[in-house]
Amino acid sequence: MKKYVLKRLLIAVVTLFLITLILFVMEKAMPGSPFNDEKMSHAQVAALYRKYGLDGPIWLQFFNYLKNMITGDFGVSYTVQVNTPVTTMIFQHFKISLQIGLQATILGSIIGFFMGVLAAVKKGTIWDNLMTGISVLGISLPNFVVALIISLIFSYKLMVLPGTYQQTQPFVSSILPTIALSTFTMASIERYVRNDMITIMDSDYYRLADSKGIKKYQLIMHHVIRNTLISVITVLAPLMIDLIAGSMVIEKAFAIPGLGTLYISAIQANDYNVVLGITFFYAVLFIGIMLVVDILYGLIDPRIRLDEGE
Amino acid sequence: MKKGAVLATAAVACFGMLLTGCQNKGNSSSKKQEKITVVQNAPVDSLDPILAYSNSSSVVVANTTEGLYTIDANDKPQLGLASNVKTSNHGLTKTFTIREDAKWSNGDPITANDFVFAWRRLANPKNASAFNFQPGAAGIKNADDIVAGKKPVNSLGVKATGKKTLVVELDHVVPYMNKLLAFSDFAPVNQKYFEKAGKKFAQDSDHLIASGPYKIKDWKLGDNSIQLVKNAKYWDAKNVKLNEVKLDVIIDPEKAAIAFENGSADYVHLSGQLVPKYRKDKNYENEVGNFTQYLMFNVKKPGLDNEDLRKAISSSINRKEITKHILKDGSIPVHSMVMKNLVKNPSNGKDFADESTTDLSEYSAADAKKYWNKAKSKTDLRSITLLYDDSDPAYANVAAYVKAQVEKNLPGMKVDLQQVSKKTRLDKMSKATYDVTLTRWGPDYADPTAILSMYQSKNDSNYGKWANSEFDKLMAESNKTTDQAKRYQLLLKANNILIDSASCPPLYQNGAPVLKRANIQDLPMHIAGVPYFFKYASIK
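Chains as they are written, first to last, in the numbering used here: chain A, 1 to 310; chain B, 1 to 540.
I should point out that these hints are in silico values taken from the structure, not numbers from a laboratory. One or more hints might be untrue.
In the DSS-like style, the derived pairs of lysine-lysine whose C-alpha atoms are separated by at most 30 Å in a straight line are [what the hints assert, rightly or not]:
no.	chain 1	residue 1	chain 2	residue 2
1	B	K473	A	K28
2	B	K344	A	K39
3	A	K51	B	K35
4	B	K301	A	K28
5	A	K39	B	K480
6	A	K67	B	K199
7	B	K480	A	K28
8	A	K252	A	K95
9	B	K35	A	K252
10	A	K252	B	K200
11	B	K301	B	K473
12	A	K39	B	K458
A few chain A positions that, by computed beta-carbon distances, are all more than 10 Å from chain B [what the hints assert, rightly or not]:
no.	residue
13	I111
14	I241
15	F286
All residues carry an ideal CB built from backbone N, CA and C; glycine is no exception.
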């Protein structure tokens, strides 16, 4: 186990280094600079390059960036939030994305889970058809369409919820984005739970338990749902990363100043350090969560052995 | 079961009421609350007076700071934090007296030294302010040399000879100096406060103090909303009517319009697509906007150095059709690089734009044909690429229209369209790797030089590389004369030379359609510089 985690960590470090290197080179190769502006003279642009150390050779810039990065200094923003440290910016905006993402994950997985259980237990009935119908809709309707529909109803027609994010009311204004963001999770979880439960209910050990005369309620709770949780975690982890990373579409639809919004504006403005910093942060987040999930598998289900061959 | 249903209904009703209560209803719910919410379409990038670059930032900085001069409701510069100014030494020395009652929002008195500190900070090349050319443009002694690193920062022509006495020395007299000094980058900075705040200066409302009519409450850089509240320590606070102005960032104009409709905003900008929907609304207003959209030719490109070819292209475009059928947002065709409503003739009060020559920017298929026939014998250029960017969805339509018109009126000429990001377009312009581009320019101050000076042959912003010695001479002369009528004529003549060259044919001046609560008064949009000053605004 220890060896496995160490190996994964080592791969992670190499991956992060490569991501940083490739992105750094790509950014410098892109047309334009952070300081392209009709009204700035060559001397002003040159002064800005000097101020931010962008006038040296690219290998030196990269070396300096890595050196600072190791000490936790990801540089400052050039244009989006002038002179604000990138780490401050990431945490400031990530906090908002995280709140909405977690809410959506919790809401989507709880509702999806119950819908899946209902569909599996009542397999073949109208309930099953209804739940499947909703989940097909949830998967096939893009979340910006859901966003448009619910903001039309609740913000424009009924006027009970803000259609744009208000920082003074972080919870109230996160309700609509949370709902829009949770539909896909809800639908995915419903499908997995339903399929998994039906498979388990067809298995020999379930039939054995059933023939022993255990009550249906206890059977479902102890023998089916527990096993279903594994597949829920498998699906939930990548879904959650997507949600907490800040959905760019939903953030745009509700004018949420989250990490996704920041990422887009930094890319548009050629704000090198911010783009690099957020990409690095995303990479750490993805690699970290996937690692945790892999370790969790082993804890939940001893059949999955991480240190195979050891 | 029944009890449960009743409880559930009650819970839903309570939740609904709670949410309704939470909704911000803007000023529509109570007319006398003296508070408005204005929607801006870009986030604030900085509130440091020398670094705030985006339009949204400049609105906040301009309303929370004040310099020696300020812009009044009629767009004219008036003394602000200075109570009087004396001119001596043939106009080359100006002695300002700072108001006795001028105070920072934390109660500190505003002193002459606050100006010296701020101006040196502005000119210091190490700070690389995008506005560091302004002290030089205002004629302040040694400014250009300091920015270029040739002289020390403390040689700048500004000194405090007393607590409230500021002496400004000039290299030369600049007729519009007071307009420049009204800019926020010339606003004072409290040295003691600045040094104490260190790197956190202007990063949040705890590290920023105001010298202007408003101060900032509960804010940090990166927030999508900013609250301005009346600064009680401001010298003219008694004339500031609105107690609170909230500035919300909503980039999508449709979302902004919804915010207006559901009462959470009182002033929003509309896009051209939304104009037909709101044109009849009682809250709809449309003023001419603050920039000229034009084509800029790269005259270094063989073929495009041919004036007849440029004139042929310019004459083949029907500006009225662009504004009426494509943009539909209140934009107007323009014939002058200096836009409408910016400058008036000091002798007769006529608008500069109306007095400008019109020949080359009027549509005429016959003229286009005439110039095209002349050009064809001198150049074999038969294909050009029109570069435009994606920062406004209307540009693609305008570019497509220009292509269709040119190809129709100049048989044999092919126009390719190239859409890129704005940064890429500017990069291509600065490297002169383009043929012709759709671009725009908005003036920083209400003077023709705010537009015309960029076409001087040595100006860095002269991306078309057009050069004309007569034009340069007129511009230099206009900078020397103090006779306003003569100066106006020199600049008008320069403008006409520029238009006649067809190196940058103007197309239209943008419209600025807005939804603004009908009860908001005295909040006009300014064409030059910062669009709004809330100091004079009120609610009826």
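Please verify whether K344 (chain B) and K39 (chain A) have alpha carbons no more than 30 Å apart.
24 Å, holds
Beyond 10 Å from each Cβ of chain B, as asserted for I241 (chain A):
Holds, because the least Cβ-Cβ distance between I241 (chain A) and chain B comes to about 23 Å, which exceeds 10 Å.
Decide if the proposed pair is consistent with the structure: K35 (chain B) and K252 (chain A), CA atoms, cutoff 30 Å inclusive.
27 Å, holds
Straight-line Cα separation of K480 (chain B) and K28 (chain A) no greater than 30 Å?
Since the Cα atoms of K480 (chain B) and K28 (chain A) sit roughly 44 Å apart, the hinted pair is violated (cutoff 30 Å).
Is it true that the CA of K67 (chain A) sits at most 30 Å from the CA of K199 (chain B)?
21 Å, holds
Taking only the CA atoms, is the gap from K39 (chain A) to K458 (chain B) under or equal to 30 Å?
14 Å, holds
Between K301 (chain B) and K28 (chain A), is the straight-line Cα distance small enough, at 30 Å or below?
27 Å, holds
Can the restraint linking K252 (chain A) and K200 (chain B) be considered satisfied, given a maximum Cα separation of 30 Å?
Cα-Cα ~29 Å, so holds.
Run the distance test for K301 (chain B) versus K473 (chain B): straight-line Cα separation, threshold 30 Å.
25 Å, holds
Compare the distance between the alpha carbons of K51 (chain A) and K35 (chain B) with 30 Å, and conclude whether the hinted pair is satisfied.
41 Å, violated
Checking one constraint from the list: CA of K39 (chain A) to CA of K480 (chain B), max 30 Å. Satisfied?
23 Å, holds
Should the label of I111 (chain A) as a non-interface residue stand, given a Cβ cut-off of 10 Å to chain B?
The claim holds: I111 (chain A) sits with its nearest Cβ about 17 Å from chain B, beyond 10 Å.
Consistency note: the structure conflicts with the earlier hints numbered 1, 3 and 7.
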